[in-house]
Amino acid sequence: MVISLSDFESMSDKDKRKILEELKNEIGVSGIAKTWEISRTKVYNMLHAFNVPVDSRRGRQPKDNKTSPDKELDKPVLKKSSNNNQAKQENNINSCEPSLEPEEKTDETKFSFYLDTQGTGTFVSETLQLLIASGKLSNSVLRLNISIEEM
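Mapping of the sequence shown onto my numbering: residues 1 to 151, in sequence order.
Keep in mind the hints are simulated off the structure, nothing from the lab.
Please note that the accuracy of each hint is not assured.
Stated by the list, open to error - In silico EDC-like links for lysine to aspartate or glutamate, alpha-carbon gap of 20 Å or less:
{"#": "1", "residue 1": "Lys42", "residue 2": "Asp7"}
{"#": "2", "residue 1": "Lys34", "residue 2": "Glu21"}
{"#": "3", "residue 1": "Lys24", "residue 2": "Glu37"}
{"#": "4", "residue 1": "Lys42", "residue 2": "Glu22"}
{"#": "5", "residue 1": "Lys42", "residue 2": "Glu9"}
{"#": "6", "residue 1": "Lys42", "residue 2": "Glu126"}
{"#": "7", "residue 1": "Lys42", "residue 2": "Glu26"}
{"#": "8", "residue 1": "Lys34", "residue 2": "Glu9"}
{"#": "9", "residue 1": "Lys34", "residue 2": "Asp7"}
{"#": "10", "residue 1": "Lys16", "residue 2": "Glu37"}
{"#": "11", "residue 1": "Lys24", "residue 2": "Asp7"}
{"#": "12", "residue 1": "Lys24", "residue 2": "Glu9"}
{"#": "13", "residue 1": "Lys16", "residue 2": "Glu26"}
{"#": "14", "residue 1": "Lys42", "residue 2": "Glu21"}
{"#": "15", "residue 1": "Lys34", "residue 2": "Glu149"}
{"#": "16", "residue 1": "Lys42", "residue 2": "Asp13"}
{"#": "17", "residue 1": "Lys18", "residue 2": "Asp7"}
{"#": "18", "residue 1": "Lys42", "residue 2": "Asp15"}
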């Protein structure tokens, strides 16, 4: 079943939810994005807005040894320091010497997030907005590396 985005937008919310569920199960998120010529982020936002489950498609087996992005965000981070500069770097938030010593923090668990993506500027912007909206970044001291190349 294929339906245009304009036809979809003119439907009632109940019908939209039903259509989104059917499309997601038939052609998946990528198929919806390609058919409607919108970003996957917008498709996921629609799915969430209409409470359509996004965990997996019917008949799809869960992959073993894979970590979901939510679990990845909650993993503790290894502190980057060397034995020679450890005391100095504990006082310096922006240190970047490599080490395998775990960060000791009793009140909260630190997180790490790696994002490697390509797409239009709008798509990248929406992806970053979703990360900010997750709430994981509020009141945190962060280190951010950005590399931008025009394709």
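Query raised in the report: Any hints this thing doesn't respect? Which numbers, in order?
Result: Failing hint: just 15.
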